[in-house]
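Chemist: Chain order of the listed sequences is A and B.
When you read off a place in the first sequence, starting at 1, and then add 338, the result is the number in this note's numbering.
When you read off a place in the second sequence, starting at 1, and then add 4, the result is the number in this note's numbering.
None of these hints come from the bench; they were simulated from the model.
Treat each hint with caution, since some may be false.
Distance condition first, Cα-Cα at most 20 Å in a straight line; then the derived PhoX-like pairs of lysine-lysine [stated by the list, open to error]: (1) B:Lys276 - B:Lys294; (2) B:Lys252 - A:Lys359; (3) B:Lys50 - B:Lys176; (4) B:Lys176 - B:Lys252; (5) A:Lys359 - B:Lys276; (6) A:Lys365 - B:Lys276.
Just a sample of chain A residues kept apart from chain B, beta carbon distances all over 10 Å, derived [to be verified]: (7) Gly364; (8) Asp407; (9) Asp409; (10) Cys414; (11) Val420; (12) Pro430; (13) Glu432.
Please read these numbers as outputs of a predicted model, since none were measured by experiment.
We put the beta carbon where it would ideally sit given N, CA and C, even for glycine.
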Amino acid sequence: MSKSMVRLEPIKYHVPLARPKQGVAGKTGFWRTEKPIVDNEKCIRCYLCEIYCPVNVIRVEPETGVTIDYDYCKGCGVCSDVCPVNAIRMVPEE
Amino acid sequence: MGESKPRPRPPLPYNMRDVVLPGDAACPGCPIPMGWKVLSAVFGEKMILVIPASCSSVVVGAYPGNSLKASVVHVAFASAGAVASGITEALRRRGINDVQVIAWAGDGGTADIGMASLSGAAERNHDFIYIMYDNEAYMNTGIQRSSSTPYGAWTTTTPIIGKTEHKKDVAKIMIAHGVPYVATASVAYPHDFYAKLQRAKRIHGFKFIHLHAPCPVGWRFDPKYTARIARLAVETGLWVLYEYYDGKLRLSGPSRPYLDPSKRKPVEEYLKLQGRFKRLTPEKIEEIKKYVEWNWEWVKRHM
Ligand SMILES: Cc1ncc(C[n+]2csc(CCOP(=O)(O)OP(=O)(O)O)c2C)c(N)n1
Ligand code: SF4
Ligand code: SF4
Ligand code: SF4
Ligand SMILES: [Mg+2]
Chain A
339 MSKSMVRLEP IKYHVPLARP KQGVAGKTGF WRTEKPIVDN EKCIRCYLCE IYCPVNVIRV
399 EPETGVTIDY DYCKGCGVCS DVCPVNAIRM VPEE
Chain B
5 MGESKPRPRP PLPYNMRDVV LPGDAACPGC PIPMGWKVLS AVFGEKMILV IPASCSSVVV
65 GAYPGNSLKA SVVHVAFASA GAVASGITEA LRRRGINDVQ VIAWAGDGGT ADIGMASLSG
125 AAERNHDFIY IMYDNEAYMN TGIQRSSSTP YGAWTTTTPI IGKTEHKKDV AKIMIAHGVP
185 YVATASVAYP HDFYAKLQRA KRIHGFKFIH LHAPCPVGWR FDPKYTARIA RLAVETGLWV
245 LYEYYDGKLR LSGPSRPYLD PSKRKPVEEY LKLQGRFKRL TPEKIEEIKK YVEWNWEWVK
305 RHM
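Just chain A, with the same shape it has in the complex (with noise of 0.2 Å):
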């Protein structure tokens, strides 16, 4: 046999590497069907919202309180159930 069955030369190998990217399954925002609706007044700042959001799209800071990324937020309710003082109520997306 002349051609021998190992590559001695380098192979460069064009590795098909993904990359982070937000939205990878689109603007997830659309599945929902109800809206979580924060009351900042009510807000008392624990951040267990935040912590649970399986999202990661809710941001809680001490002076502007509650914010949520709309685009993203998946309707499930997890950051309504979780509040403490019942300032997140869900409604129903027309």
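Model the placement of chain B with the ligands on the given structure of chain A, informed by the hints.
Modeler: Just chain B with the ligands, lined up with the frame of chain A:
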């Protein structure tokens, strides 16, 4: 008046903000990214998740995107333990010691098909963290029973009378391996999970964490209840949070009150919120209660 001091920024949620990107493919109310947020609070981008075939493989999204700002290695179903061992050793040889290797596998990928490679990695005591996120069935392929599905639960392969065997307790199997660190955790207690990861990070050798992770789709409950149901599992004494190291079991804070059976909520409160337990008979509920007692006896013996 002097400058007012900025308020201290607690690690949760401030350190959870950057790595888990919004818009992943998880169902609403999914426990998986909840767990990842806690991982990211401890390790930031400096982690390599080894993920065998499971819901998690789908949740991070398809090429060319990745919902995590951390490295993910997708591997064959049975191989998480083996691949994580290899990556750990490769990093060590290269002198890279600030990156945490984490095998992140489902209950099917751990208690069933991945058990051999997990056992091998534990026995060789490779220096990484293995996390079994336990949604108590094969969710990604359509809610089939796993050996980690609890007694009485409906699945598509236990459709009429529910599962007739109790859950395989993988944490106990890992304790029997004599590894340096074994813990149980729950998505309802992120601060407890955070503290356990911090401890695991400082321990050299094989670490195993069994993370209870209620799945709204497979357990048949309203997605808003993911955290509530995980909390009820602890409050009813069904799921016990502990750490096991240096030959001793240490009950974790959230579970401590429930050493006293009178402090536990009735298991019915946990079961009734889940459609998968809808058809439980009173006898089966009694059997579940017996199992809870039996498990607590085991806990007490090892404290
Ligand atoms: C060897 C092999 N057998 C079967 C499958 C199909 N499969 C992919 S994911 C999965 C279920 C995984 O269940 P689990 O590990 O509990 O993770 P979950 O989907 O519940 O998060 C199965 C059976 C596979 N990918 N490879
Ligand atoms: S509804 Fe769900 S996804 Fe939307 S902000 Fe609340 S917890 Fe996050
Ligand atoms: S859980 Fe409720 S009280 Fe706490 S930060 Fe969120 S909205 Fe405010
Ligand atoms: S089936 Fe359950 S575990 Fe899987 S992505 Fe959906 S909610 Fe998450
Ligand atoms: Mg599973």
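Chemist: Indicate, hint by hint, whether the structure satisfies it.
Modeler: Hints, verified against the model:
Restraint check: the Cα-Cα separation between Lys276 of chain B and Lys294 of chain B comes to about 18 Å, which is no more than 20 Å; the hinted pair holds. Restraint check for Lys252 of chain B and Lys359 of chain A: the C-alpha separation of about 43 Å exceeds 20 Å, so the hint is violated. Proposed proximity of Lys50 of chain B and Lys176 of chain B is contradicted: the alpha carbons are some 29 Å apart, above 20 Å. Taken as a hint, the Lys176 of chain B and Lys252 of chain B pair is honoured in the structure, with Cα atoms around 12 Å apart against an allowance of 20 Å.
Proposed proximity of Lys359 of chain A and Lys276 of chain B is contradicted: the alpha carbons are some 39 Å apart, above 20 Å. Our distance criterion of 20 Å between C-alpha atoms is broken by Lys365 of chain A and Lys276 of chain B, whose separation comes to about 34 Å. A beta-carbon of chain B is positioned within 10 Å of the beta-carbon of Gly364 of chain A; the least distance is around 7 Å. With a least CB separation of 6 Å from chain B, Asp407 of chain A falls inside the 10 Å interface cut-off, contrary to its annotation.
A beta-carbon of chain B comes within 10 Å of the beta-carbon of Asp409 of chain A; the shortest separation is about 8 Å. The claim that Cys414 of chain A lies off the interface is violated: its Cβ sits roughly 4 Å from the closest Cβ of chain B, which falls inside the 10 Å cut-off. For Val420 of chain A, the non-interface assignment is contradicted: its Cβ lies about 5 Å from the closest Cβ of chain B, within the 10 Å cut-off. Consistency note on Pro430 of chain A: stated as away from chain B, and its beta-carbon is indeed over 10 Å from all of that chain's, at 14 Å minimum.
With a minimum CB-CB distance of about 18 Å to chain B, Glu432 of chain A clears the 10 Å threshold, and the non-interface call stands.
In summary, the numbered hints that this structure violates are 2, 3, 5, 6, 7, 8, 9, 10 and 11.
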